[in-house]
Amino acid sequence: MELKNREEIVRDIKKDYLLLLPSGEEILLDLSKKEEVLEKLQKYGYEELIDYVKAEELQGESRAEAPSIKEMKRLELADNESSSDSGNHRMYPNGQLMFNLVKDWQERIAKYDLGAMEIGSPLFYNKADEQILAQCGSFHERHYSVRVPDDPNKEFILRFAADFGLFKMVQQANFSYRQLPLRFFEYSENFRYEKSGELSGLKRDRFFHMADIHCFCKDELQAIKEYKDICNRYEDLNSGMGIKYANVLRIVDKFYQKYREDLLEIVRYAGRPLFIERMDKMKHYWAMKHEWQSIDSVHGNQQLSTVQFDVKEGKVYNIVFSNERGEKENCVIIHSSVGAVERCMYAILEEALKREKPVLPLWVSPVQLRIIPVDNSSHLDFCENLKFNNIRFDIDDRNEKLGKKLIRARQEWVPYVIVVGDSEKGGSKFKVNDRYLDLVHEMDKEELENFIQKQIKDFPFRPIALSKYLSKRPSFYGGF
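In this note's numbering, the protein residues as written are 766 to 1245.
Think of the hints as simulated: they come from the structure by calculation, not from any bench. Don't be surprised by glycine CBs; every beta carbon is placed ideally from N, CA and C. Warning: the hint list may mix true and false statements.
Below, in silico cross-link-like pairs of lysine-lysine (DSBU-like), each with a Cα-Cα straight-line distance of 30 Å or less [claimed, not checked]:
id, residue 1, residue 2
1, LYS779, LYS1077
2, LYS808, LYS780
3, LYS1080, LYS919
4, LYS1119, LYS1170
5, LYS892, LYS1080
6, LYS838, LYS1222
7, LYS1219, LYS1170
8, LYS1009, LYS960
9, LYS1119, LYS1169
10, LYS990, LYS779
11, LYS808, LYS1054
12, LYS993, LYS1009
13, LYS1190, LYS1169
14, LYS933, LYS1009
15, LYS780, LYS990
16, LYS1054, LYS876
17, LYS799, LYS1009
18, LYS990, LYS1023
19, LYS1077, LYS993
20, LYS779, LYS1019
21, LYS933, LYS876
22, LYS990, LYS960
23, LYS1077, LYS780
Label-pair ranges, simulated between beta-carbon atoms [unchecked claim]:
id, residue 1, residue 2, range
24, ASN1088, PRO917, 30 to 36 Å
25, GLU804, ASN939, 53 to 59 Å
26, ASN1083, ASP781, 31 to 37 Å
Let the hints inform the model, and build the full structure from the sequences given.
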């Protein structure tokens, strides 16, 4: 089977562009007229939407390297693994903690909010399988290949998405229209040979982790309901991570005309304009695709979540159900990805770096509260007896001056810091340095515990990744 590359596929597709506003108004955009487009966006768009269009659609000036690439090393979260292929990262303990918290948040959306059934599937697949090869499509230039030791002519493809194994699984399942829609979830490890110039920290990797959800529907009417529901849940997910983003849709025109009112419901739920690329024919397996595009601190864009309306692969894989008459029909499939965990981490870091004093959202901050004794000999015992439930707290017990301990807390972006001296040891109130608001609160222990727990109650929690004593921690990068 001869496969076309991406450029060959899109060459003959005609496009236009518009904004769909929550009011229902459509604003046509001629991207060949840059100043006119920017003027319209200033009137109707959000700042993130303007940055997205400049970066992706108008392809503006080149940008500086995203600062999170250096900061993820300095903060000892992640780094390139030199003994692996480029675009493969190691996670240090605090980075793995952050990774797991984002993963927990994504899984909550998938398994509990959307009620998807979790499955697992292999990492590589036989390239000779015609269905696998047909699905590869324009990704064929980005494949990693695997050869088996005893048959050099047999080639396998490392998966670049979770579709392969799931589709093979559902292909052999028996189900009827009464059981639809069916939702499946897989947390998958994926491989894409991105070009060297495209690699950029955690934003663009060759090995990454995705939380994928697929919904199998009996017809387009059921599929559009699923599509809207998932779009709204992903809106909640991304806003909950504290990331600012633009909403983007790519759609075949006949689907836009058919489902415009449904799309308008999605726009109104989001409460912001939707940038639309409208095409005269399909270029992939999907007829429409929603994207959540976050903006980093250097005004570049990166796709987080995506939802895709697939009218093709139910036939490619012969995924069928029994209809009301007992006949077999192909499913309509809603593909969706909550987002690559690494890219979500990138977006969270970049959002923090937009602040004058960078700080991570409290729920993913490796340390949420630091306790600093003024003098170890006089105050450390008291600090060690302080216990905070369901809060990641640590104690700076190093034999260093107070000023140096405070500097380190600032360098590590610790959100809340209390200093324990004679007055704190003898009284009931602590002065709490708040990095988010850049002010000092006065609270007793119970008030402080409730104050922090209230902010993280709706998010996943995991215990601290390193020793709670700073003196017992290894230094992986030498950043502190």
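Cross-check of the supplied hints:
1. LYS779 x LYS1077: holds, 20 Å
2. LYS808 x LYS780: holds, 23 Å
3. LYS1080 x LYS919: Holds, at about 27 Å.
4. LYS1119 x LYS1170: holds, 25 Å
5. LYS892 x LYS1080: holds, 19 Å
6. LYS838 x LYS1222: holds, 29 Å
7. LYS1219 x LYS1170: Distance ~27 Å between LYS1219 and LYS1170 Cα, so the pair holds.
8. LYS1009 x LYS960: holds, 27 Å
9. LYS1119 x LYS1169: holds, 25 Å
10. LYS990 x LYS779: Holds, at roughly 28 Å.
11. LYS808 x LYS1054: holds, 25 Å
12. LYS993 x LYS1009: The hint holds at about 21 Å.
13. LYS1190 x LYS1169: holds, 21 Å
14. LYS933 x LYS1009: violated, 37 Å
15. LYS780 x LYS990: holds, 26 Å
16. LYS1054 x LYS876: holds, 22 Å
17. LYS799 x LYS1009: holds, 24 Å
18. LYS990 x LYS1023: Given pair LYS990, LYS1023 holds - Cα atoms ~14 Å apart, limit 30 Å.
19. LYS1077 x LYS993: OK: LYS1077 and LYS993 at ~19 Å, within 30 Å.
20. LYS779 x LYS1019: holds, 13 Å
21. LYS933 x LYS876: holds, 21 Å
22. LYS990 x LYS960: Answer violated: LYS990 to LYS960 is near 37 Å, above 30 Å.
23. LYS1077 x LYS780: holds, 21 Å
24. ASN1088 x PRO917: 30 to 36 Å: Given range 30 to 36 Å: violated, Cβ gap about 46 Å.
25. GLU804 x ASN939: 53 to 59 Å: With a Cβ separation near 57 Å, GLU804 and ASN939 satisfy 53 to 59 Å, so the hint holds.
26. ASN1083 x ASP781: 31 to 37 Å: Check passed, 35 Å falls within 31 to 37 Å.
The structure is inconsistent with the numbered hints 14, 22 and 24, although it conforms to all the rest.
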